[in-house]
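*Asks:* Go ahead and model the full structure; you've got the sequences and the hints to work with.
Be aware that the sequence shown starts at 1, since it is given in full-length UniProt numbering, and climbs by one per residue.
It is possible that some hints are incorrect.
Simulated pairs of lysine-lysine, PhoX-like, Cα-Cα distance not exceeding 20 Å [what the hints assert, rightly or not]:
#1 K104 x K52
#2 K119 x K57
#3 K104 x K93
#4 K104 x K57
#5 K71 x K101
#6 K93 x K71
#7 K71 x K100
#8 K41 x K52
#9 K71 x K104
These are calculated hints, taken from the structure and not from any lab test.
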Amino acid sequence: GFLEEIAAHEAEIGTEFKKNITPAEERELEQLSTLSQQLQKQWNDLSNQRRKLERTKQFLEVDLRQNLQLKLDQLSSQAFENSTSGGSSGGMKEAQRELKKAQKSLHTVEANLQETEGKME
Numbered sequence: 001g002f003l004e005e006i007a008a009h010e011a012e013i014g015t016e017f018k019k020n021i022t023p024a025e026e027r028e029l030e031q032l033s034t035l036s037q038q039l040q041k042q043w044n045d046l047s048n049q050r051r052k053l054e055r056t057k058q059f060l061e062v063d064l065r066q067n068l069q070l071k072l073d074q075l076s077s078q079a080f081e082n083s084t085s086g087g088s089s090g091g092m093k094e095a096q097r098e099l100k101k102a103q104k105s106l107h108t109v110e111a112n113l114q115e116t117e118g119k120m121e
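*Replies:* Below, the structure written as structure tokens:
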């Protein structure tokens, strides 16, 4: 049972350790151990890069949703109101300029977001 298993393990611990691998196997084991450490470091580095990209992506998404989309909606609404109310052409032109600026900012943020998502894949 369980006690016999423990006794067997304790007896094994008390015996002298002897390597039963060839020198070639030992070299291969060392090489694989080194490779394993290198791959672990690469994994950690890539994981850190991915986390940074995730944070950048989240920031861009928040900026897109909260700021730029809201501004775009406001300007679209303002441009529509100006066009339907026959407002001054100066106000209309200004609203159109602001709208174009907001659309350009929106496009830039979307491009940055796509680039960040591309790097994550």
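*Asks:* Work down the list of hints and note, for each, if the structure agrees.
*Replies:* Going down the list of hints, with the structure as the test:
no., hint, in the structure
1, K104 x K52, "25 Å, violated"
2, K119 x K57, "10 Å, holds"
3, K104 x K93, "16 Å, holds"
4, K104 x K57, "19 Å, holds"
5, K71 x K101, "10 Å, holds"
6, K93 x K71, "17 Å, holds"
7, K71 x K100, "11 Å, holds"
8, K41 x K52, "17 Å, holds"
9, K71 x K104, "12 Å, holds"
The structure fails hint 1 only (numbered hints given earlier).
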